[in-house]
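Asker: So the chains spell out like this:
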Amino acid sequence: MSFPWANHYAPKHPLMRWLDEKLPLPRLVYNAVGAGYPVPRNLNYFWNFGVLSGAALGIQLITGIILAMHYAANGLVAFDSVEHIMRDVNSGWMLRYAHANGASFFFIVVYLHIFRGLYYGSYKAPREMVWLLGLVIFLLMMATAFMGYVLPWGQMSFWGAKVITGLFGAIPVVGGPIQTWLLGGFAPDNAALNRFFSLHYLLPFVIAAVIILHIWALHIPGSNNPTGVDVKGPQDTVPFHPYYTAKDGFGLGVFLLLYCGMLFFAPNYMGHPDNYIAANPLSTPAHIVPEWYFWPFYAILRAFTFDIWFIPAKLLGVIAMFASILLLFFLPWLDKSPVRSGNYRPAFKKFFVLLVIDVLILGYCGGAPAEEPYVMISQLAAAYYFAHFLIILPIVSKLEKPLPLPNSITEAVLAKSGQA
Amino acid sequence: MATLEHSETPGEVAGDGVRRRDFINIAAVSFAGVGAATVLLPLINQMNPSADVLALASIEVDLAAIKEGQAIKTIFRKQPLFVRHLTAAEIAAADKVDAASLRDPQTLEQRTLAGKKQWLITMGVCTHLGCVPLGAGEGEVKGEFGGYFCPCHGSHYDTAARIRKGPAPKNLEVPVYKFASDTVVQVG
Amino acid sequence: MVRLIAFLAGLGFVGILLYSLIMGAVSFVSEPPAKTVEHEFHLHPKELHLASDGPLGKFDRQQLQRGFQVYKEVCAACHSLHQVAFRDFKDLGFSEAEVKAIAKGWATETPSVNPETGEPATRKSTPADKIPSPYANEVAARAANNNALPPDLSLMSKARHDGGAYIYSLLTGYTDQAGFKNHAGQELLKEFPDAKTPDGLHFNPYFANLNIAMPPPLAADGQVTYADGTVATKDQMAKDVSAFLVWSAEPKLEARHQTGVAVMIFLLIATVLAWFSYRNIWAGIKH
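Residue numbers (UniProt numbering), protein chains in the order written: chain A, 1 to 420; chain B, 1 to 188; chain C, 1 to 287.
Here chain A stands alone, though its shape is the one from the complex (with noise of 0.2 Å):
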């Protein structure tokens, strides 16, 4: 849009000219996600995985929907409103099976686009509004999830809502109020299943409200790229579609293929047992996980195991909690260097490689029983996380010499065909 040199949108049909006139959605789409939005050339194939992110939107909505239509949220009959769509649905194994997994395949998805923009700098000058609202996005999403897992009303769904809200019961003076108001009763009941679902409907469509700012916001400067340089001009750029549009196309099968390999053949793999035995408020299951995704800060939150003066552990675990999501609010000014991608950062990419192994550890501590040795290592990953953030990404950026960068994306282009 910014670009001078983007196509324009020109109706051919007269059928098109009059609905232009009238109401220019296809040139709204063409110059969103069309022939219109000139991209840079050099994008690789961890570019595709923001389309992928609105794929998995999609599929989750359309279940979602069809879902809903079957499902009672009521705690006497949601377990078995769950089963009879297992089993009497017409093709309700398949659409239950395809939202839980699409709920995987959502954060997997994301989180590969969140360390691609936090590799190749995306979170930068002039991005960061970009960056902003996909961390609105990413924390719906996870709200989204939390609410909608619940549901099903089995043991993880009901002790995962009972633990949760206890987060907010470590807020001091006002937590038991607020635990009490959130669940609209002193344990999960129906009211709390009943708003859960509620939410649990609303929050997507308020995250493709948000995701279309995000695009938006994407389209003034356009498109990161993987050196990081500005586009210069147009030969710097080709039209999203077709060139962007085919790439996608063929991500998307990739992505379709793994996705649905996991729904007809392991459908239960990334679920957990428990959540198959009907919610019991009189027993509780031996290790109470939440999802996957939610893992790594799963790991944080139990990282905290002492008090610290007057700050119980259970309050600094909620801190510290929340704060490694809100810390990344704050990335794009904690990090100053101005050379955007990774590939140009000697040190800033061995950091990050190990923020990525960080990570994968807390993820494992996360999902692992709370007993030794998986509290001391995640004690020293979210050590570790913290630290990468808040004081070594300041310093690298100061002090790192970055490697000599190309004059444009075109030259870098040529250059590296010109090696193979």
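What the hints contain is simulated information worked out from the structure, not anything from laboratory work.
Backbone N, C-alpha and C define an ideal beta-carbon position, used for all residues, glycine too.
Don't take every hint at face value.
To be verified - Once the Cα atoms are required to be at most 16 Å apart in a straight line, the calculated EDC-like pairs of lysine to aspartate or glutamate come out as:
no., chain 1, residue 1, chain 2, residue 2
1, C, Lys124, B, Asp62
2, C, Lys72, C, Glu98
3, A, Lys336, A, Glu21
4, C, Lys58, C, Glu98
5, C, Lys100, B, Glu60
6, C, Lys104, B, Glu60
7, B, Lys78, B, Asp52
8, C, Lys130, A, Asp80
9, C, Lys72, C, Asp152
10, C, Lys252, B, Asp52
11, C, Lys130, B, Asp52
12, C, Lys252, A, Asp230
13, C, Lys286, A, Glu411
14, A, Lys349, A, Glu411
15, B, Lys165, B, Asp182
16, C, Lys130, A, Glu83
As the list claims (entries may be wrong) - Here are some chain A residues pointing at chain C (derived, C-beta under 8 Å):
no., residue
17, Glu83
18, Arg87
19, Tyr243
20, Phe264
21, Phe265
22, Phe304
23, Phe306
24, Glu371
25, Ala383
26, Phe386
27, Ser417
Claimed, not checked - So these bits of chain B aren't anywhere near chain A, every CB distance computed over 12 Å:
no., residue
28, Val29
29, Asn48
30, Val61
31, Arg77
32, Ala92
33, Ala99
34, Gln110
35, Ala114
36, Thr127
37, Gly139
38, Lys142
39, Glu144
40, Pro175
Given chain A, work out where chains B and C should sit, using these hints.
Answerer: Below, chains B and C alone, put in the same frame as chain A:
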């Protein structure tokens, strides 16, 4: 997909051979389209009755307890079903009418099973706008013709549940049923 | 300014975490956590191979019918199967008439209401009914079982790690606690003299806490008589009922496998086409 804007792009594609190779783009898009259309089938079919609903699409009614002159209201496919044990007088009243003169011409024979003329089994759904007619319950108004009476808009049905007066266009519907034994009817 | 605050906050978090780590490590070394008997002596399920395993797996209907017989004659006395309806048994290869007869002849009748008095009553089941629970409610179930609740079995094979193999192992895993050794050769009662199985419970190393309230349900070979002539050893009955419970938890497994294969083939072709299309469109553009 087929319209590549080569003039706009860097690294121009060689002029000849492009059209032929467009085939692969068309094939890919068409193939994906077929897939998307196939996915629609289960998404639409999920709204059809589920297995537990279909399992109740056929019911058995025990007639043993229904005395002559009595009727019962039961539920068939979530709608009222009237099972009526006609008296000899009611049968005679129904047979006396010239079927050809009726709005929906049918004889009692056509509306019951052979040899089981005394068992009148109909849906309890008025053919006008779907209200439940009176007359099956003990002490309910049976209308001017001694059969059923729909209070919504005043449709009168006779002892063969045929429409005789009022706005309803058709006789009360007779569902598919058969006698599983002398006293048990399987409806649906 | 942002970076200064971040730096201090970062130091704070790191400091607290490292402090916790050191304190944890010190206490870990000075008083190592006691080993638990579950940790040392719990056994992982034995291997169980069923026809329904794998991406192309299908149920062995003969085995499902045998397993159903074991459930009906042994398990159903205490365990409900309330997600399953009689009509579902058509999946096991029973005819409509057989399903009707099974429903009608089921030992427990379906709860209903006496049409004359309104008193609670029971009636014969129909194929549309779910399998009636052997107990009226949880209190009755506990009262009849020494305060232990026999769990519903509908989803048992999905509600435990290793599903069918777990059920098979549990059913065949009852053993004498005296002299029981783990893989390391340690003897349970020597290592944990206090862990003796209490009265009323039964030692079973495949059960999470090693002591299960259920007495060995498959007590002797030949406990059921199979119609198809298969010899009803304890092992065979355990396998069969495990297969049946894999079915009861996932009755749509075959449809899932078949649809899955078709979908994967379609997607594979579509992805290959998409790849060629992508290469075609990008032909000649360096990137």
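Asker: Can you list which hints this structure breaks, lowest number first?
Answerer: Violated hints (numbers, rising): 3, 4, 12, 14, 15, 28 and 29; every other hint is consistent with the structure.
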